[in-house]
Structure formats: C-alpha cells, structure tokens
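Visitor: As a plain string of letters, each chain reads:
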Amino acid sequence: SQKIEQNSEALNIQEGKTATLTCNYTNYSPAYLQWYRQDPGRGPVFLLLIRENEKEKRKERLKVTFDTTLKQSLFHITASQPADSATYLCARYNNNDMRFGAGTRLTVKP
Amino acid sequence: ETGVTQTPRHLVMGMTNKKSLKCEQHLGHNAMYWYKQSAKKPLELMFVYNFKEQTENNSVPSRFSPECPNSSHLFLHLHTLQPEDSALYLCASSQEVGQANYGYTFGSGTRLTVV
Chain D
1 SQKIEQNSEA LNIQEGKTAT LTCNYTNYSP AYLQWYRQDP GRGPVFLLLI
51 RENEKEKRKE RLKVTFDTTL KQSLFHITAS QPADSATYLC ARYNNNDMRF
101 GAGTRLTVKP
Chain E
1001 ETGVTQTPRH LVMGMTNKKS LKCEQHLGHN AMYWYKQSAK KPLELMFVYN
1051 FKEQTENNSV PSRFSPECPN SSHLFLHLHT LQPEDSALYL CASSQEVGQA
1101 NYGYTFGSGT RLTVV
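If you read the protein sequences in the order shown, they are chains D and E.
Here the first sequence stands for residues 1 to 110, where the numbers follow the numbering used here.
Here the second sequence stands for residues 1001 to 1115, where the numbers follow the numbering used here.
Careful, some of the hints might be misleading.
[Unchecked claim] Pairs of lysine to any residue residues, derived as SDA-like cross-links and limited to a Cα-Cα distance of at most 25 Å, are as follows:
no.: 1; chain 1: D; residue 1: Lys109; chain 2: E; residue 2: Lys1040
no.: 2; chain 1: D; residue 1: Lys109; chain 2: D; residue 2: Thr20
no.: 3; chain 1: E; residue 1: Lys1022; chain 2: D; residue 2: Phe46
no.: 4; chain 1: E; residue 1: Lys1040; chain 2: D; residue 2: Thr20
no.: 5; chain 1: D; residue 1: Lys63; chain 2: E; residue 2: Ala1100
no.: 6; chain 1: E; residue 1: Lys1052; chain 2: D; residue 2: Asn96
no.: 7; chain 1: E; residue 1: Lys1036; chain 2: D; residue 2: Gln2
no.: 8; chain 1: E; residue 1: Lys1036; chain 2: D; residue 2: Phe46
no.: 9; chain 1: E; residue 1: Lys1036; chain 2: D; residue 2: Asp97
no.: 10; chain 1: D; residue 1: Lys3; chain 2: E; residue 2: Glu1084
no.: 11; chain 1: D; residue 1: Lys3; chain 2: E; residue 2: Ala1087
no.: 12; chain 1: D; residue 1: Lys55; chain 2: D; residue 2: Ala102
no.: 13; chain 1: E; residue 1: Lys1040; chain 2: D; residue 2: Arg37
no.: 14; chain 1: D; residue 1: Lys3; chain 2: E; residue 2: Lys1040
no.: 15; chain 1: E; residue 1: Lys1041; chain 2: D; residue 2: Thr107
It should be emphasised that the hints constitute simulated quantities derived from the structure, not laboratory data.
Could you build the full structure based on these sequences and the hints that come with them?
Guide: So this is what it looks like as structure tokens:
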C-alpha cells in the first residue's frame, strides 16, 4: 500500500535559522506532493505543490524539493520566525487518492 | 476564513445521541471530503463526494452516515458513537476529484467528544 511518513514528530529551531522538514514515501512516485500548514484548532492550509517531474519549487521563504530516487520531499523555511511555529503536513496524490502524513510540529524560538 | 465553514466547532455527545455535523462551501468546488484527525495520527479519509455523488467510502462504520444534498453542502450524521470516535472531523473541498492542483481547502473542523 502507499505510505507517506514524516519522520520527525517535532522540530525545535532558533529564530533566523532554516527549518528543514522531511517527507518520505513508499512504492511508486506520487503524481505530486503537497505541503500544508496546520495551526492548533484549525484545519490544514495548502502551501505548496510539487510535481513528479519538478525538482524544486519556491514561494517566498518556502522551498520544496522532490527527489524520486530517494523517494523524499524536503520542505525548507528560511529565515524562520516564531510565527512559523505550526504543524506541517505533507500529502501524496495519485489517482484521485490523497494521503497525508502525521505531520511535524515546528517550534521556532525567539 | 478559508471559504469552507463547519458547524458546530465543538460537540459533546453521549453514546446514545444522534447529532449531525455540517459543512458549507461557496468556492464553486464540486468535490467535498470528510476526514477524521486523531492525535498524532495522519488524517483519515472517510468519504468523498464528486458532483453530489459519493465516490468513496473508506470502510467507515455505519454509525457515520454522510449526506450531500448539493455541491455546496455536506453533512455527517452521527449515531450510537463510541468514545474512540472522539476526534477532530475536518471537511475539505477541491475543484473536483482528480483536480487538486490548488490543494484542498479545509474548514476549521468540529472537535467531537463522545462521553
């Protein structure tokens, strides 16, 4: 079965540093991977999508990579701020099937 | 607000009660989804509707019953639930099933507690 895993349950970093979150998948590559942000008591909010044939995507301070050899996507937040503290979810999409990882809780300390 | 509205935000119900969760979107989307989110677990897909037709029931117990009267509204009817059904129930929408280039739009969820 298709699995998607976010290896770190929690990540703590200092303000100003780059946060790097990891998402790994099994079996064949998804058509695309998506990243979402979820704040406590709220639903996930869509951030970025990267397709199978794309290596990298950027949006302001966010960068996502997709490595089909490693079966991995990395999500980077540069110049991190305390306001970036949240849970970040990755999701794989294939054939009308969207599967989410359990999320990584990021805490950016001042 | 995201454009997907869920009510109520919080619900406490006994195991013998019957209640309903409501989801409404006016984004012009044709696909709507129910997800269950339990602590430290991935989102679990429950039901999918595309153009008002149910396209997926992900082996959900019959004590959960969805209803989609039109593309803008989605309900989840609950009856004789168990304490392990306590979770955050999230509604989401997208342009249509198979079109998720812009991601899913989620509501804020209903925090359900079964006592």
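Visitor: Next, verify each hint and record whether it holds.
Guide: Hint by hint, here is what the structure shows:
1. Using a Cα cut-off of 25 Å, the hinted pair lysine 109 of chain D and lysine 1040 of chain E holds, with the two alpha carbons roughly 22 Å apart.
2. A hinted pair counts as satisfied when its Cα atoms are at most 25 Å apart, and lysine 109 of chain D with threonine 20 of chain D qualifies at roughly 15 Å.
3. Taking the CA atoms of lysine 1022 of chain E and phenylalanine 46 of chain D, the gap is near 22 Å; set against the 25 Å cutoff, the hint holds.
4. As the CA atoms of lysine 1040 of chain E and threonine 20 of chain D are separated by approximately 20 Å, the hinted pair is consistent with the 25 Å bound.
5. A threshold of 25 Å between alpha carbons decides the hint, and for lysine 63 of chain D with alanine 1100 of chain E the separation of about 20 Å falls inside it, so the pair holds.
6. Straight-line distance between C-alpha atoms of lysine 1052 of chain E and asparagine 96 of chain D comes to about 16 Å, which keeps the hinted pair within the 25 Å bound.
7. A distance of roughly 19 Å separates the Cα atoms of lysine 1036 of chain E and glutamine 2 of chain D; the hinted pair therefore holds under the 25 Å criterion.
8. Using a Cα cut-off of 25 Å, the hinted pair lysine 1036 of chain E and phenylalanine 46 of chain D holds, with the two alpha carbons roughly 18 Å apart.
9. At most 25 Å may separate the alpha-carbon atoms for a hinted pair to count; lysine 1036 of chain E and aspartate 97 of chain D meet this at roughly 16 Å.
10. Under the criterion of a C-alpha separation no larger than 25 Å, the hint pairing lysine 3 of chain D with glutamate 1084 of chain E is consistent with the structure, at around 23 Å.
11. In summary, the hint linking lysine 3 of chain D to alanine 1087 of chain E is supported, as the alpha carbons are separated by about 22 Å, within the 25 Å threshold.
12. As the CA atoms of lysine 55 of chain D and alanine 102 of chain D are separated by approximately 24 Å, the hinted pair is consistent with the 25 Å bound.
13. With a C-alpha separation of about 15 Å, the suggested pairing of lysine 1040 of chain E with arginine 37 of chain D holds against the 25 Å cut-off.
14. With a C-alpha separation of about 16 Å, the suggested pair lysine 3 of chain D and lysine 1040 of chain E falls inside the 25 Å cut-off, and the hint holds.
15. Between lysine 1041 of chain E and threonine 107 of chain D the alpha-carbon distance is near 19 Å, which keeps this suggested pair within the 25 Å criterion.
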